[in-house]
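J.: Protein chains in written order, with the working numbering: chain A, 1 to 245; chain B, 1 to 183; chain C, 1 to 183.
If you are wondering where the hints come from, they were derived from the structure by calculation, not from laboratory data. Incorrect hints may appear among the rest.
Here are some chain B residues pointing at chain A (derived, C-beta under 7 Å) [as the list claims (entries may be wrong)]:
| # | residue |
| --- | --- |
| 1 | G19 |
| 2 | E95 |
| 3 | R124 |
| 4 | I177 |
Since this is a predicted model, take the numbers as computed values, not measurements. A virtual CB, placed ideally from N, CA and C, is assigned to each residue, including glycine.
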Amino acid sequence: MYNITLEKWQGPMDLLLQLIEQEELDISEVSLAQVCDQYLKYLAQVEELNPAEVADWLVVAAKLLLIKSRLLLPGLALGGEEEAKELQEQLKLFKAYLEAGQKIDKLWRQGQIEYIREKSIILEELKRFSPPPSGLDISILEQTFRKILAILEPIIKLPQITLQKAISLKEKIEHLRNFIKDHAGLTWQHLKTKARDKTEMIVSFLALLELVKQKEVSVEQNGLFEEISISRSDSIHQNIRTLDH
Amino acid sequence: MEVNNKLIAKLEVILFAAGKPVGFKRLVELCEVKSGEVEEGLKQLKSRYETTGSGLVVLIHDREAVLATAPEQANLVRQFLKKEELGELTRPQLEALSVVAYRGPLTKPELEQIRGVNCALILRNLQIRGLVETEESSSTMPKYKVTMDFIRYLGLKDIKELPKYEELIQHANLERILAETSS
Amino acid sequence: MEVNNKLIAKLEVILFAAGKPVGFKRLVELCEVKSGEVEEGLKQLKSRYETTGSGLVVLIHDREAVLATAPEQANLVRQFLKKEELGELTRPQLEALSVVAYRGPLTKPELEQIRGVNCALILRNLQIRGLVETEESSSTMPKYKVTMDFIRYLGLKDIKELPKYEELIQHANLERILAETSS
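Based on the sequences and whatever the hints tell you, model everything.
T.: Put into structure tokens, the structure is as follows:
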């Protein structure tokens with residue numbers, strides 16, 4: 001276990017890259033699957049530390065889970081090839097820019113600034129009060145200032161907006177949990193088709209795994225590539241397989 | 001006298017950054033050389049500008065030196081300043097001016113926090129035009145406000161006569177965004 | 001291209017008088033020549049400053065030119081103008097800055113796609129520090145790019161001097177072409 005605190009990580013990509021590098025792995029689908037659990041462990045702490053960014057972290061978590069599950073349980077037919085490829089590409093690109101950023105920092109610290117003259121040179125004859133040639137009046141100033149005040153609105157609300165996004169993702173998970181619990185005898189196929197988009201499908205899967213882990217539901221699959229059925233743990237106790245490991 | 005090129009470059013840099021006459025004494029201090037070397041260096045800098053056909057000249061007078069534009073270029077400079085510095089206000093300039101008018105006196109970081117962009121060159125321009133000036137203040141950070149000339153130009157006696165002045169400067173958004181500068 | 005010395009002198013005079021970046025467009029207007037001639041003239045002015053061992057440099061970025069002090073003179077200018085050193089860049093700022101430098105102009109969602117996190121506040125801070133600006137464009141989504149100040153603070157003469165510039169920019173171009181052909 002690495003003794004690292006989360007304040008150090010500037011975002012999910014940063015953490016992911018560090019986890020892979022600490023394992024001395026290359027960026028690949030297999031290595032992404034391998035660091036999935038560690039990533040989730042950190043995610044649990046991130047929620048406490050910086051709620052504003054939870055959404056960003058969750059999206060990556062969902063992708064990692066999908067990648068891991070895909071490798072462990074090919075029979076699920078989850079899809080996810082695209083996500084795996086995308087995440088690898090994103091990570092490689094991120095790494096390249098991270099390294100470039102370190103070099104920029106080095107240049108910055110050298111302090112070899114190319115200075116411009118601070119004050120303008122103005123001819124004596126032009127040193128006089130010079131309003132814009134086409135004029136300016138108080139109503140223009142008022143309108144302009146009002147517009148500026150209005151532009152500030154979304155900036156002030158920014159932290160709250162991200163928070164809202166995060167909460168809605170968490171709510172979605174909660175909602176799905178309840179849905180799964182209430183509909184014992186569901187199949188994964190059913191859940192999958194209910195999802196409106198890929199993200200929602202990933203989130204469904206995330207919720208499902210969470211429930212399995214907490215032993216609130218069980219999943220059953222009679223054979224490789226066959227339908228997976230989901231049921232409440234209190235109704236069926238046979239043939240439990242957790243998808244967690 | 002043998003003067004090394006490094007000294008000439010240093011003199012050039014100081015004169016450029018100053019934008020106004022600099023005394024020999026100051027040049028001696030900054031370049032850490034003898035007074036004679038500064039004089040010789042300036043002479044060589046002057047002749048370099050003359051021989052390369054530059055539009056700039058080094059003027060030496062009364063133990064002071066200045067880097068300036070050649071007299072025959074005065075018209076070009078005038079034209080440039082009129083267009084670039086004294087022409088119509090750009091959108092960002094107008095926006096900064098309206099903030100200084102309503103919310104001034106305020107510091108550059110406060111203005112930038114409200115505008116969300118760097119305002120160094122904008123403030124420089126508004127000052128050249130005589131629309132904005134800095135306020136004498138005891139704190140280290142200068143505060144910007146509109147000039148009396150501009151207030152009169154708007155037909156006002158006091159900047160507080162701007163439309164909806166009280167209402168707009170008490171806008172909650174302003175306070176909240178400025179609270180972030182101080183934090 | 002044959003460019004006469006008079007044009008070079010004019011360009012030098014304007015850049016000197018401006019003391020800030022001047023757009024090619026304005027230079028074309030004031031010198032009454034074609035855009036290609038301005039570009040060639042600037043190139044020659046730039047190389048003249050380099051070969052005469054001057055303490056000044058001509059920087060060109062994003063169709064703007066500025067006359068500034070050479071990077072190796074930074075300490076002297078700081079001493080003379082009593083300038084403070086720049087504050088540090090945080091890690092997230094560096095990350096975002098490098099993406100914008102190599103890949104800009106790009107939109108906020110494009111930046112977020114690479115960094116994996118929301119970048120609204122970071123972009124705002126970088127704009128306030130004057131390192132990033134938005135490109136004037138008719139489209140609704142603003143595009144971000146690095147500024148001349150960014151070039152100056154790093155002591156570069158051209159953005160192409162950034163480490164691994166060609167390699168990283170080629171990568172970005174390739175992706176762009178792929179994205180365009182597939183859509």
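J.: Against each hint, give a clear statement of whether it holds in the structure.
T.: Hint by hint, here is what the structure shows:
1. G19: holds (5 Å)
2. E95: holds (6 Å)
3. R124: Holds, about 6 Å.
4. I177: Interface hint status for B/I177: holds (5 Å vs cutoff 7 Å).
Every hint from the earlier list agrees with this structure, and none is contradicted.
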